[in-house]
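Start from chain A and add chain B according to the hints.
For the protein sequence lines, the chains are A and B, in the order given. Take 1 as the starting number for the first sequence in the working numbering and just add one per residue. Take 1 as the starting number for the second sequence in the working numbering and just add one per residue.
Rather than coming from a laboratory, the hints here were simulated on the basis of the structure. Keep in mind the model is a prediction, meaning the values are calculated, not measured. Each statement offered as a hint is correct.
Below 30 angstroms or equal to it, Euclidean Cα-Cα: the simulated DSSO-like pairs (lysine-lysine) are:
hint: 1; chain 1: B; residue 1: Lys91; chain 2: A; residue 2: Lys57
hint: 2; chain 1: A; residue 1: Lys86; chain 2: A; residue 2: Lys37
hint: 3; chain 1: A; residue 1: Lys26; chain 2: B; residue 2: Lys105
Listed below are the residues making up each chain.
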Amino acid sequence: MYSDLDPMIHSPLRLTIISMLMASEKVEFTHIMEETKAAAGNISIQIKNLEDAGYIKVEKTFKNNYPKTLLSITNKGVKAFEIYVKNLKKYIYPK
Amino acid sequence: MDEQTFTPEESLKIINKAILNFKVNYRESSHVFLLFGWLLALASFSNFIALKVLHAKEAYELMGLYSFSIWGIFAVIGFIALFFIVRREKKYKKVYSHIDGYVNKLWWVTLVAFFVAIFICIKLEIAPPTIMMLIAGIATATTGFLIKFRPLIIGGMAFFIFSIVTIFVPNEYSALIVCVAVIFGYIIPGYILKSAKE
Numbered sequence: 001m002y003s004d005l006d007p008m009i010h011s012p013l014r015l016t017i018i019s020m021l022m023a024s025e026k027v028e029f030t031h032i033m034e035e036t037k038a039a040a041g042n043i044s045i046q047i048k049n050l051e052d053a054g055y056i057k058v059e060k061t062f063k064n065n066y067p068k069t070l071l072s073i074t075n076k077g078v079k080a081f082e083i084y085v086k087n088l089k090k091y092i093y094p095k
Numbered sequence: 001m002d003e004q005t006f007t008p009e010e011s012l013k014i015i016n017k018a019i020l021n022f023k024v025n026y027r028e029s030s031h032v033f034l035l036f037g038w039l040l041a042l043a044s045f046s047n048f049i050a051l052k053v054l055h056a057k058e059a060y061e062l063m064g065l066y067s068f069s070i071w072g073i074f075a076v077i078g079f080i081a082l083f084f085i086v087r088r089e090k091k092y093k094k095v096y097s098h099i100d101g102y103v104n105k106l107w108w109v110t111l112v113a114f115f116v117a118i119f120i121c122i123k124l125e126i127a128p129p130t131i132m133m134l135i136a137g138i139a140t141a142t143t144g145f146l147i148k149f150r151p152l153i154i155g156g157m158a159f160f161i162f163s164i165v166t167i168f169v170p171n172e173y174s175a176l177i178v179c180v181a182v183i184f185g186y187i188i189p190g191y192i193l194k195s196a197k198e
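Only chain A is shown next, with the shape it has when bound in the complex (with noise of 0.2 angstroms):
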């Protein structure tokens, strides 16, 4: 329908991920799960999905023997959300 929209962002859930991560540094997986509301498992595949594109980057630490997983966004990531937006433009503001 939208062809010109990356599919891998052009998803409720990742799109929200994706954004997040442009605002900032690092953000940690029980922010995102915080924020979204959305169901860890649901989380987890997103995360999946969005690594496997290489455009964030999962950082998997511990924290008082608890596991603490950061997530950041690469510079494909960054490139790609560029183009998304730009194209997200075409959409809202047709000419």
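Frame of chain A; chain B shown alone:
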């Protein structure tokens, strides 16, 4: 929201919401400013008292070693406390902003500049407060501009003014001027930041 019927307008709303919701709370930084503010104020004030109590000649003979040890003790206390503050912050922190990264790097570079300045002052046999306050002023004002917090910008400017003042007053009073500068530069902005709304 269904992925198949997801419109560009909804897309724009999501982007706006994610960016508008992004707020960093800098209240935690107040602990670092208050810690170093109080430590530096106590260190400089005790230096001033020691100079006054011991008086001119003996004081200047003893001062080199005394200053070195008193600043050393306060620096060690400061860095141990800082280690625990940073560890505690990391425990609760979920979002790392770009500004956090810039501010951290700025203060690490400032720390290096402080050590270089101490070395230069010892080598050239000049009193360190003037140059130290100049460096502190740059880092404090820049932090204020980065986090958009006016009291820190004013605090940084206060360091510049007090740095100039040290040139015109007798050496024994420069420690007292550092103490006052730290109150304006770190302690007052620290308390204002602490009491700021989330």
